[in-house]
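Novice: Sequence:
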Amino acid sequence: MTGSGPVAEVAFCGFDDSAAQAGALVAAWGGALETFHMVETHRFPDQEVRVRLDLEGRRYKRAVICRSLDQPDSKLIEILFASAALRDQGVEKIALVAPYLAYMRQDTAFRSGEAVSQKVLAGLLEGAFDGLITVDPHLHRVARLEEVFPRMETCCLSAAPVLADLLRKENVSADTLLLGPDAESIHQVGAVASAAGLSAVTALKERSGDRQVAVVLADPDMFKGRPVILVDDVISTGETLIACAHAALKAGAKSVDACAVHALYPPQTGKAFTDAGIRSVKSCDGVLHSSNAVSLAPLLATGLASLAEFNRE
Numbered sequence: 005m006t007g008s009g010p011v012a013e014v015a016f017c018g019f020d021d022s023a024a025q026a027g028a029l030v031a032a033w034g035g036a037l038e039t040f041h042m043v044e045t046h047r048f049p050d051q052e053v054r055v056r057l058d059l060e061g062r063r064y065k066r067a068v069i070c071r072s073l074d075q076p077d078s079k080l081i082e083i084l085f086a087s088a089a090l091r092d093q094g095v096e097k098i099a100l101v102a103p104y105l106a107y108m109r110q111d112t113a114f115r116s117g118e119a120v121s122q123k124v125l126a127g128l129l130e131g132a133f134d135g136l137i138t139v140d141p142h143l144h145r146v147a148r149l150e151e152v153f154p155r156m157e158t159c160c161l162s163a164a165p166v167l168a169d170l171l172r173k174e175n176v177s178a179d180t181l182l183l184g185p186d187a188e189s190i191h192q193v194g195a196v197a198s199a200a201g202l203s204a205v206t207a208l209k210e211r212s213g214d215r216q217v218a219v220v221l222a223d224p225d226m227f228k229g230r231p232v233i234l235v236d237d238v239i240s241t242g243e244t245l246i247a248c249a250h251a252a253l254k255a256g257a258k259s260v261d262a263c264a265v266h267a268l269y270p271p272q273t274g275k276a277f278t279d280a281g282i283r284s285v286k287s288c289d290g291v292l293h294s295s296n297a298v299s300l301a302p303l304l305a306t307g308l309a310s311l312a313e314f315n316r317e
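So the working numbering is basically just the index in the sequence shown, starting at one, shifted up by 4.
Take these hints with a grain of salt, some might be off.
[To be verified] Here are the computed distance ranges between Cβ atoms for each label pair:
1) G127 x S259: 45 to 51 Å
2) A119 x E151: 39 to 45 Å
3) N315 x A178: 36 to 42 Å
These are computed hints drawn from the structure, not numbers from a lab. The beta-carbon is built from N, C-alpha and C at its ideal position, and this holds for glycine as well.
Working from the sequences, and respecting the hints, build out all of it.
Specialist: Written out as structure tokens, the structure reads:
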């Protein structure tokens, strides 16, 4: 049922696990607190889910659902139901703000019979949303996000300026060396280094399994006596970071710290990092994690404003 009052600007919607990020996004956008609406979920014993998103009689033409898609299997069906609930209440344009976007790695069938999950996810989201904002998606053979979602307006944001600002605030020494884990990380680690006024290199990584990673440094002499900060887009198992730390310390690094856009690793991995000589790990708050040290809300608000349907000019 749609409301009968005046049309409000934008509804911002969050789940229990994304309410903090959604609230920060409302503030960064400059929206009124009453435009935030909580999505209620109820999980039945048979594991079906009921989703309720009540706009409380307020009329909106546009809405934003904010939720990172880590642990995606349960979250996906819930955001699809939430989008449908918004449509039923008269919302015409819906954007998904998903700082972390799952299922981007599988962009081709590596073996006969494999589903291309990236393509499947794109079809699901394009059917429910009009716009998508995400941060540093883990793209491989597909270079641009708009190639993944050709029927939906997208905004692919880089957290490099945010991480660089974090390093500046921490007053890292001028001789600090930023280390990316592999050749694919050159653009990200280079952007962070450029913005922070630091040097950067990448390692050579060979992965033989989900948890089997070998790292080689092209020029070990560069590391002698220098603080090193590992920079990555996603920390999942943590094996890559551990391998990089071992290599850097073996090459004579003075210290090793790490920062990442998305931290997905479980709490017990923190001890493994400490045992590997990593002093600290800091991440952006797109995925709620104990390592969160910097907010993505201002960056996400800028991305939202770049979408044609949400541009305020």
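Novice: Confirm or reject each hint.
Specialist: Verification of the supplied hints:
no. : hint                    : verdict
1   : G127 x S259: 45 to 51 Å : 46 Å, holds
2   : A119 x E151: 39 to 45 Å : 18 Å, violated
3   : N315 x A178: 36 to 42 Å : 40 Å, holds
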